[in-house]
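Protein chains: 2
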Amino acid sequence: MTEAIVSELSRSLIEIAWHFGPKGLRGECCDDLTMPEFIALEKVSVTPDCPVQVVGHPLGFTKSGATRIVNRLARKGLIDKVKSPQDARICCVVITEKGERILRSANSRYMKKFKELLAKVPPETVPEVMKAVTVMAGSLKR
Amino acid sequence: MTEAIVSELSRSLIEIAWHFGPKGLRGECCDDLTMPEFIALEKVSVTPDCPVQVVGHPLGFTKSGATRIVNRLARKGLIDKVKSPQDARICCVVITEKGERILRSANSRYMKKFKELLAKVPPETVPEVMKAVTVMAGSLKR
DNA sequence: AAAAATAAGTTGATCATGTCAACTAAATGG
DNA sequence: CCATTTAGTTGACATGATCAACTTATTTTT
Numbered sequence: 001m002t003e004a005i006v007s008e009l010s011r012s013l014i015e016i017a018w019h020f021g022p023k024g025l026r027g028e029c030c031d032d033l034t035m036p037e038f039i040a041l042e043k044v045s046v047t048p049d050c051p052v053q054v055v056g057h058p059l060g061f062t063k064s065g066a067t068r069i070v071n072r073l074a075r076k077g078l079i080d081k082v083k084s085p086q087d088a089r090i091c092c093v094v095i096t097e098k099g100e101r102i103l104r105s106a107n108s109r110y111m112k113k114f115k116e117l118l119a120k121v122p123p124e125t126v127p128e129v130m131k132a133v134t135v136m137a138g139s140l141k142r
Numbered sequence: 143m144t145e146a147i148v149s150e151l152s153r154s155l156i157e158i159a160w161h162f163g164p165k166g167l168r169g170e171c172c173d174d175l176t177m178p179e180f181i182a183l184e185k186v187s188v189t190p191d192c193p194v195q196v197v198g199h200p201l202g203f204t205k206s207g208a209t210r211i212v213n214r215l216a217r218k219g220l221i222d223k224v225k226s227p228q229d230a231r232i233c234c235v236v237i238t239e240k241g242e243r244i245l246r247s248a249n250s251r252y253m254k255k256f257k258e259l260l261a262k263v264p265p266e267t268v269p270e271v272m273k274a275v276t277v278m279a280g281s282l283k284r
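Chains A and B, in that order, give the protein sequences. Start counting the first sequence at 1; every next residue gets the next number (the numbering used here). Start counting the second sequence at 143; every next residue gets the next number (the numbering used here).
Keep in mind that the hints were calculated from the coordinates and are not lab data. No experiment lies behind these values; they were computed from the predicted model shown. Please note: incorrect hints may appear among the correct ones.
[As the list claims (entries may be wrong)] Okay, the calculated beta carbon distance ranges per label pair:
no. : chain 1 : residue 1 : chain 2 : residue 2 : range
1   : B       : 146       : A       : 84        : 30 to 36 Å
2   : B       : 225       : A       : 46        : 53 to 59 Å
3   : B       : 199       : A       : 122       : 24 to 30 Å
4   : B       : 273       : A       : 54        : 36 to 42 Å
[As the list claims (entries may be wrong)] Heads up, simulated BS3-like pairs for lysine-lysine below, C-alpha to C-alpha not over 25 Å straight-line:
no. : chain 1 : residue 1 : chain 2 : residue 2
5   : B       : 255       : A       : 131
6   : A       : 113       : A       : 98
7   : A       : 120       : B       : 257
8   : B       : 273       : A       : 115
9   : B       : 255       : A       : 43
10  : B       : 218       : B       : 240
11  : B       : 185       : B       : 240
12  : A       : 81        : A       : 63
13  : B       : 273       : A       : 120
14  : A       : 98        : A       : 81
15  : A       : 76        : A       : 98
16  : A       : 112       : B       : 273
17  : B       : 262       : A       : 115
We put the beta carbon where it would ideally sit given N, CA and C, even for glycine.
Modelling step: build the complete structure from the supplied sequences, incorporating the hints.
Following this line, the structure appears as structure tokens:
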């Protein structure tokens, strides 16, 4: 494949990234959940007794940044912090009922945006595109 | 297509977006060009005599934010601000030689990342994926 | 068992980057 | 020629992250 085409494509991907990006669904719904907050909440929801630092991993944050985003989510009532019984240094982060609700709501917002994009793609290629996106994302989780 | 699959996919896309995102190639190269700076520089490079506000458009910035990002790029020597001879209110923003160089460098960085992702995708589906990404990005430019 | 090293988390100081509203200066048009 | 609009800038502010220094708890070494 030619450089020019890959170049064009990576620019397209960046545009999509920005569109879905930090200002993604600001103010559109969901307690004004920012994109990093969404990613953090998602991480908490799939990680049982998630330590604070781990919340920062998918975001590439330092542990300090992790503390701060966890505190923000806690202040909004989306998560709870519980001291681990095994190791008192560790702070188990768990999602609350409200957190689950907000996460679902935010997720459907993003889905809506994504569907709008997919609508422009030739329908017969959709399954392959979806598979490709999944594979690409999967290769990011180290 | 089922909700569950679209949900999974939109999360994948968000992960990719974050990976390419604001902290994208921070410190990896290119004078520490941030993602919004990259987008701004790109805009300047394709828009002859680009007014300041226009730089902010693809980013969704206010004119104030546009001024600030333009000043940052100017301070780094990547662009020049020239008063328009036709209308002295307007400030024509033009990319410098250094700006062109940095832009190319940043672009190839992003391309490298993108290629790494594409490598995980079944090769025969690559052309369709590329087309789909382009179309999706295209539908964002209103 | 005591001391040293390591690890999790927090916090103050700071920095980066955006908004808003008020401003200046230039153009436009009754 | 005055009123309005427009481009751009700026000060005050909000947000959100880092860094380094700290506390507290666990683990390792001796």
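Review point. Given a hinted range of 24 to 30 Å, is it respected by the beta-carbon distance of residue 199(B) and residue 122(A)?
Key: holds, 29 Å
Practice item. For the pair supplied as a hint, residue 113(A) and residue 98(A), confirm whether the alpha-carbon distance does not exceed 25 Å. Key: holds, 23 Å
Review point. Taking 30 to 36 Å as the hint, is the beta-carbon distance of residue 146(B) and residue 84(A) inside that range?
Key: holds, 32 Å
Review point. Is residue 185(B) close enough to residue 240(B), meaning Cα to Cα at most 25 Å?
Key: With a Cα-Cα distance of about 16 Å, the restraint between residue 185(B) and residue 240(B) holds, given a limit of 25 Å.
**Study point:** 25 Å Cα cutoff - pair residue 273(B), residue 120(A)
**Key:** It holds: about 11 Å lies between the C-alpha atoms, which stays within 25 Å.
Check your understanding: Regarding the pair residue 262(B) and residue 115(A), is the alpha-carbon distance no greater than 25 Å?
Key -> holds, 24 Å
Practice item. Starting from the hint 53 to 59 Å, judge whether the C-beta atoms of residue 225(B) and residue 46(A) obey it. Key: Cβ of residue 225(B) to Cβ of residue 46(A): about 54 Å, so the range 53 to 59 Å holds.
Point to revise | Hint consistency between residue 218(B) and residue 240(B) [alpha-carbon to alpha-carbon, up to 25 Å] | key: holds, 9 Å
Review point. Within 25 Å, alpha carbon to alpha carbon, are residue 255(B) and residue 43(A)?
Key: holds, 23 Å
Review point. Between residue 273(B) and residue 115(A), does the CA-CA distance stay at or below 25 Å?
Key: Between residue 273(B) and residue 115(A) the Cα gap is close to 16 Å, so the pair holds against 25 Å.
**Study point:** Proposed proximity, residue 81(A) with residue 98(A) (alpha carbon, max 25 Å)
**Key:** Holds - the C-alpha atoms of residue 81(A) and residue 98(A) are around 14 Å apart, at most 25 Å.
Practice item. Please work out if residue 76(A) and residue 98(A) have their alpha carbons no farther apart than 25 Å. Key: holds, 9 Å
Every hint, counting from the list given before, is met by this structure.
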